[in-house]
Amino acid sequence: MEGELDIGPSFTSAMETVLAVMGPMAVGKSALTVRYNSGHFVDNYEPTLEDSYRKTIVLDGRSLVVYILDTAGSDQFSYLRDQYLKKGHGFIFVFSLTARASLLELDDFIQQLRFCRESDSLDGVTVLVVGNKADLTDQREVSEEEGRAKAEELGCAYMETSAKSGDNVREAFETVIRGIVDNRPASRPPSKKWCTLL
Amino acid sequence: MAAQSSSRSSGFRSQARRPTTIVAKSKVGSYIPPARTSMRSFSMGTALRPGASSAATAMAAEPAMANGLTVSEAAEKEPSSGPMGLSLAKQYDHFVESWGPVAVAKWEAMAGKERNRQISIYELVRTELGYVRDLQAIIDGGYNPLSLGELMSDDELSAVFSNVTVLYVMHAKFASSLETEVYKASPFASGVGALLADFAPNILVYSIYANDYPSGSALFASVVAERPGVREALSGDGDSDGARSLQSQLVKPIQRMCKYPLLIREIRKASRSAELADEAALLDTAYEAFSEQLDRVNAHKLAAERQELAVALVGRMTASAVASLELERRLAEKRYVHHGVLDKITSVAKGSYQTRMYVLFNDLLIWFKAKGKGELDDASTRLEFCKSAPTRNVLVNDVPDRTDAHAEMEHMFSVAVNGKDYILRAPNAETKFTWLQHLFEAASVQEASQKKRSFANRKDEWKVRDRERVRTGVSAAAIIELERGLEGATESQAGTSKK
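Going down the list, the sequences are from chains A and B.
Anchor point for the first sequence: position 87 equals 87 in UniProt numbering, and the numbering is continuous, going up by one each time.
Anchor point for the second sequence: position 366 equals 366 in UniProt numbering, and the numbering is continuous, going up by one each time.
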């Protein structure tokens, strides 16, 4: 009965890594996800080509199944947003370097994440704050120092990306995935596990 | 506790779900083609991508729809036919690649805005078809094998799959009408505003799915972990981990419903010309309608979560507490707002305090102490009633942090109940702020509704007096004054009598 009331993270299968890309509207969540998954940037036409991706990646010699959730559209519906916050093992919180307001909105997301996890600290969850649209240098409203300071204040790592040029996109995703794997209490290299099975 | 939690799922949810299960059972097999077969036919559609997407082939394909076949069945019959076959093709490349050269040439000759409009509509239709396939995969790849193999009970199935079959039927119909209507005459769409506006109210059905999803998903994870048969049943066709993909697919409906406003906004952006004025107006209506429905789904989710919390809290209260507060009877009319453990300071000078659980309903603040030696944070610790106060009798004030000898005396606020001051301490500034916000809100909402009620009760009285005023010439201001006095008196009376 208590299990039903448990609103903590629901860990699916041990080696699957669920990563949610979240953030305010129009910061490039979908573009980042698409860029990471397909390697191309969709110009002039933003929304959401796909909802979610499951891909097998090799990271540091380990093969992992990564499930990437694009949460676009859920931003203004806080109680729907919960679903992702409870499900993710790791998060990329995206804001736009060209919109100061989007940086400030991240506070809400982090606060809600803490609430969902019923924890004041973000221990056990990997969170990366990403300033996207780094290519639009002439429209920049947030400096790297400010972005970094915000991330530090929230207790997260920081990176700047450009979904358009692809700069740092892969690195951002891999940083979070690595963080999740390292955080996992009983993480074993899957290759070893498979050997035992075979 | 068990009885309470099942009564929670009665009412709106199970009433709505009952027919769902029936639909699922009667339609399974005949209505829903197996997901994997249809997937194959979709990719076949891609492979046999026709060079020309002429209007003629589109027309030829239409009768299949008119026969009442589902999208995917029609696609299986006509895997390579015209724009329909094309838009059914599952692919993630740029959309142009899925159109034949003739269509692409036409499209390239269009003005920039119209091109964007066509891509946007195309995305709506294509992703809608993709979504229908996802739903179908959930049913064929998950619901059906688990239900037929009797690997999960009916209750478990309906907890995990919720009303996914209703969603499937609803969206299959919508996708099919999108295809037939939108691409009726040519590979290019005239408009989708009317269809979207018509469809919007259906989104409310998602309330059920959104409420069931978190616990359903958790239940499924535990079932997969505990029953090897489940994993086996789901790993057919060389998909080594069907259970895992099903687990990830279950979130699709949540993702999809949030996408409509985005998709509509994009189409709307490209529909700004004079000849599209009607379409633009319909798109605006659709956008509003979808957003409104999603707000409602969100609100339902909030209400359901609060109700669950309230039921859980009441479950922890000792029998005498529940009885003395008449909570069981009154819970239905109460709205749970917030709860948490706070320190009740007994002496600021000494820094002594008692730890209490505070539960705030819209009209009532109640506090409890732990029964026995358990911690209040622990969900198994029973709650023993201390005191309660109607929120409108509660005065809330900030208490400044003390920086002198008492390093720990921070994040405090005071709650005055009928002249007695309680000083409470929160574990951190955020928690304190949340409490203050909720308490203020509960007090003011209560006040407003109270006024409304008392006003309604005495409406007739007003009318009579109004007539009298005209007759006797008493000033309006004097009457308002009198009213205020009366209202204050009745309110404080009601407060004391309730207590």
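Warning: the hint list may mix true and false statements.
[Said to hold, decoys possible] Here are the simulated DSS-like pairs of lysine-lysine, each with C-alpha atoms no more than 25 Å apart in a straight line:
#  : chain 1 : residue 1 : chain 2 : residue 2
1  : B       : K350      : B       : K373
2  : B       : K269      : B       : K334
3  : A       : K164      : B       : K420
4  : A       : K150      : B       : K432
5  : B       : K369      : A       : K55
6  : B       : K350      : B       : K334
7  : B       : K350      : B       : K269
8  : A       : K86       : B       : K432
9  : A       : K164      : A       : K86
10 : B       : K173      : B       : K113
11 : B       : K344      : B       : K432
12 : B       : K369      : B       : K350
13 : B       : K173      : B       : K106
14 : B       : K269      : A       : K164
15 : B       : K387      : B       : K369
16 : B       : K432      : B       : K420
17 : B       : K252      : A       : K86
18 : B       : K420      : B       : K373
Since the hints were derived computationally from the structure, they do not count as laboratory data.
Quiz prompt | Restraint status (C-alpha distance of K164/A to K420/B at most 25 Å) | solution = violated, 62 Å
Quiz prompt | Given pair status - K113/B, K173/B, alpha carbons within 25 Å | solution = violated, 29 Å
Practice problem: With a cut-off of 25 Å on the C-alpha distance, tell me whether K269/B and K164/A pass. | Solution: Measuring from Cα to Cα gives roughly 22 Å; hence the hint holds.
Quiz prompt | Given hint K420/B paired with K432/B - CA-CA distance at most 25 Å | solution = Distance ~20 Å between K432/B and K420/B Cα, so the pair holds.
Quiz prompt | 25 Å limit on alpha-carbon distance, applied to hinted pair K252/B and K86/A | solution = Since the Cα atoms of K252/B and K86/A sit roughly 15 Å apart, the hinted pair holds (cutoff 25 Å).
Practice problem: Decide if the proposed pair is consistent with the structure: K173/B and K106/B, CA atoms, cutoff 25 Å inclusive. | Solution: The given pair, whose Cα atoms are some 29 Å apart, is violated under the 25 Å limit.
Self-check item: Given hint K334/B paired with K350/B - CA-CA distance at most 25 Å
Solution: Violated - the C-alpha atoms of K334/B and K350/B are around 38 Å apart, more than 25 Å.
Self-check item: Pair hint K387/B and K369/B, alpha-carbon separation not exceeding 25 Å
Solution: Holds, at about 10 Å.
Quiz item: Are the Cα atoms of K86/A and K432/B separated by 25 Å or less?
Solution: holds, 24 Å
Quiz item: Does the structure keep K350/B and K269/B at a Cα separation of 25 Å or less?
Solution: Given that 25 Å is the threshold and the Cα spacing comes to 65 Å, the pair is violated.
Quiz item: Under the criterion that the straight-line Cα-Cα distance not exceed 25 Å, is the pair K369/B, K55/A satisfied?
Solution: violated, 50 Å
Quiz prompt | Distance restraint between K420/B and K373/B, which requires alpha-carbon spacing of 25 Å or less | solution = violated, 28 Å
In the structure shown, a violation is registered for the earlier hints numbered 2, 3, 5, 6, 7, 9, 10, 13 and 18, in ascending order.
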